[in-house]
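With the hints as constraints, model all of the structure from the sequences given.
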Amino acid sequence: DAKTTQPTSMDCAEGRAANLPCNHSTISGNEYVYWYRQIHSQGPQYIIHGLKNNETNEMASLIITEDRKSSTLILPHATLRDTAVYYCIDQGAQKLVFGQGTRLTINP
Amino acid sequence: GAGVSQSPSNKVTEKGKDVELRCDPISGHTALYWYRQRLGQGLEFLIYFQGNSAPDKSGLPSDRFSAERTGESVSTLTIQRTQQEDSAVYLCASSLVRGLPGNTIYFGEGSWLTVV
Chain W
4 DAKTTQPTSM DCAEGRAANL PCNHSTISGN EYVYWYRQIH SQGPQYIIHG
54 LKNNETNEMA SLIITEDRKS STLILPHATL RDTAVYYCID QGAQKLVFGQ
104 GTRLTINP
Chain A
28 GAGVSQSPSN KVTEKGKDVE LRCDPISGHT ALYWYRQRLG QGLEFLIYFQ
78 GNSAPDKSGL PSDRFSAERT GESVSTLTIQ RTQQEDSAVY LCASSLVRGL
128 PGNTIYFGEG SWLTVV
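Quick note, the sequences are listed as chains W and A, same order. Add 3 to the 1-based position in the first sequence for this note's numbering, that's all there is to it. Add 27 to the 1-based position in the second sequence for this note's numbering, that's all there is to it.
Keep in mind that the hints were calculated from the coordinates and are not lab data. From the three backbone atoms N, C-alpha and C, an ideal C-beta is built for every residue, glycine too. One thing to keep in mind: the hints can contain errors.
[Stated by the list, open to error] Some chain W residues judged to face chain A by a derived CB distance under 8 Å, without partners named:
(1) P47
(2) H52
(3) L99
(4) V100
(5) G102
(6) Q103
[Stated by the list, open to error] Straight line, CA to CA, 25 Å or less: simulated SDA-like cross-link-like pairs of lysine to any residue:
(7) K6(W) with F72(A)
(8) K6(W) with P88(A)
(9) K6(W) with Q64(A)
(10) K84(A) with N130(A)
(11) K44(A) with R65(A)
(12) K6(W) with S73(W)
(13) K72(W) with G32(W)
(14) K72(W) with H43(W)
(15) K38(A) with I42(W)
(16) K38(A) with H43(W)
(17) K44(A) with D90(A)
(18) K6(W) with K44(A)
(19) K6(W) with G67(A)
(20) K72(W) with T131(A)
(21) K84(A) with Q48(W)
(22) K84(A) with L66(A)
(23) K6(W) with D90(A)
(24) K72(W) with N130(A)
(25) K6(W) with R71(W)
Have a look at this one:
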């Protein structure tokens, strides 16, 4: 079973920042927080990951709380193509266990 | 190729027939994973390979499902005597090494299977 909890759905206006929260209260010390997204049942696309520090790449920023029990994925200027299901995952040693994710809809 | 490659991209088969789905992982990736996703549902883990061995087969739904990997590269997922409930997209993924947190897993675009 997935160990993370996310809101089922969110809406965001095009051009605004989309902030997607995730709770991972049972995360262990060596587990990373990973974010993937899936568009129309295409293969999941890797977005970003982090352990303790905040991370930024060309797609998004990841903010991890100091106690590591929650995180926020930030898409700084959302576009219509960012409409997708976003998955937050605690990744330990082996496989990824996907929950239901957050269905993010970007509105024009 | 640069990414995980899967074939066929689409397959329609008659109930009771066997199907084989192929996955070419990213070159040099020693870990390979198969997932299944039914329409409108989440991803279900099926099986995981490290090299050519499969230490975790816990997600295979029945003995009609099997998978093998050869040459620490290509993997084949075989479904025997297909049933309509097998209709789904079958996703393959690979990662550089096994057992290392922070080891990013990359997915292919999937093989869509429709059993009629």
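Now for the hints, and whether the structure bears them out:
1. P47: holds (5 Å)
2. H52: holds (7 Å)
3. L99: holds (6 Å)
4. V100: holds (7 Å)
5. G102: holds (7 Å)
6. Q103: At about 5 Å, which falls below the 8 Å cut-off, the nearest Cβ of chain A leaves the hint on Q103(W) intact, so it holds.
7. K6(W) with F72(A): holds (15 Å)
8. K6(W) with P88(A): Given that 25 Å is the threshold and the Cα spacing comes to 22 Å, the pair holds.
9. K6(W) with Q64(A): Cα-Cα ~19 Å, so holds.
10. K84(A) with N130(A): holds (20 Å)
11. K44(A) with R65(A): holds (19 Å)
12. K6(W) with S73(W): holds (12 Å)
13. K72(W) with G32(W): holds (11 Å)
14. K72(W) with H43(W): violated (29 Å)
15. K38(A) with I42(W): Holds: K38(A) and I42(W) sit about 20 Å apart, inside 25 Å.
16. K38(A) with H43(W): holds (18 Å)
17. K44(A) with D90(A): Given that 25 Å is the threshold and the Cα spacing comes to 15 Å, the pair holds.
18. K6(W) with K44(A): violated (37 Å)
19. K6(W) with G67(A): holds (21 Å)
20. K72(W) with T131(A): Within the cut-off at roughly 21 Å; holds.
21. K84(A) with Q48(W): Since the Cα atoms of K84(A) and Q48(W) sit roughly 24 Å apart, the hinted pair holds (cutoff 25 Å).
22. K84(A) with L66(A): Answer holds: K84(A) to L66(A) is near 23 Å, not above 25 Å.
23. K6(W) with D90(A): violated (28 Å)
24. K72(W) with N130(A): holds (20 Å)
25. K6(W) with R71(W): holds (13 Å)
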